[in-house]
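Trainee: Residue numbering for the sequence shown follows our numbering, starting at 1 and increasing by one per position.
A few of these clues could be false.
Stated by the list, open to error - Estimated spans, in silico, between C-beta atoms of each pair:
no., residue 1, residue 2, range
1, Gln97, Asp121, 17 to 27 Å
2, Asn70, Pro104, 13 to 23 Å
3, Gln60, Gly95, 26 to 36 Å
Simulated from the structure, these hints should not be mistaken for lab results. Cβ coordinates follow ideal geometry from the N, Cα and C atoms, glycine included.
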Amino acid sequence: MTRKKNSGDNFGFQKPKNIKGIEKPKKSFLPKTPLANTKVSELSLPDPKVLELIKQAITQKHLIEFYYQNFQRIAEPHTLGLKDEVLQVLVYQVGGQSSSGQLPDWRRINLNNMLRLQILDETFSSKPPLPSGNHSSWDEILATVS
Numbered sequence: 001m002t003r004k005k006n007s008g009d010n011f012g013f014q015k016p017k018n019i020k021g022i023e024k025p026k027k028s029f030l031p032k033t034p035l036a037n038t039k040v041s042e043l044s045l046p047d048p049k050v051l052e053l054i055k056q057a058i059t060q061k062h063l064i065e066f067y068y069q070n071f072q073r074i075a076e077p078h079t080l081g082l083k084d085e086v087l088q089v090l091v092y093q094v095g096g097q098s099s100s101g102q103l104p105d106w107r108r109i110n111l112n113n114m115l116r117l118q119i120l121d122e123t124f125s126s127k128p129p130l131p132s133g134n135h136s137s138w139d140e141i142l143a144t145v146s
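Start from the sequences, fold in the hints, and give me the full structure.
Mentor: The following block contains the structure:
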């Protein structure tokens, strides 16, 4: 007995009709060219405006307002740096909301995840309470409050 090849698979089953998700993807999600010697952080740098606003706020000691993890936050930016090839800012959050609910408190924020950043008119002193020590060290510091 000879089996006739059909439009299904190699086992003789018919391909279901009108069912989505069985076809091959039309587009590959992998890059077309190899990314030799490319670091992940180089692929996902924050908006240059965010970086400049953070530097400006640190230099001028201005509070910043932004959204992070779906919470509106108001904070004093104290240190901008790199940790494990990720741009981060160490802030002393003084207002807004937080998932922990503890305010004021120190927080380390990934710049890639900051939304709607703006510099406020209000300034801060350069001597808030000392960080708890729970934050790891920096690989490189790019700006800090003096």
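Trainee: If a hint holds in the structure, say so; if it doesn't, say that too.
Mentor: Hint by hint, here is what the structure shows:
1. With their beta carbons about 21 Å apart, glutamine 97 and aspartate 121 fall inside the hinted range of 17 to 27 Å.
2. A hinted range of 13 to 23 Å holds for the C-beta pair asparagine 70 and proline 104, which are about 20 Å apart.
3. Evaluation of the 26 to 36 Å hint for glutamine 60 and glycine 95 yields a failure: the beta carbon distance comes to about 18 Å.
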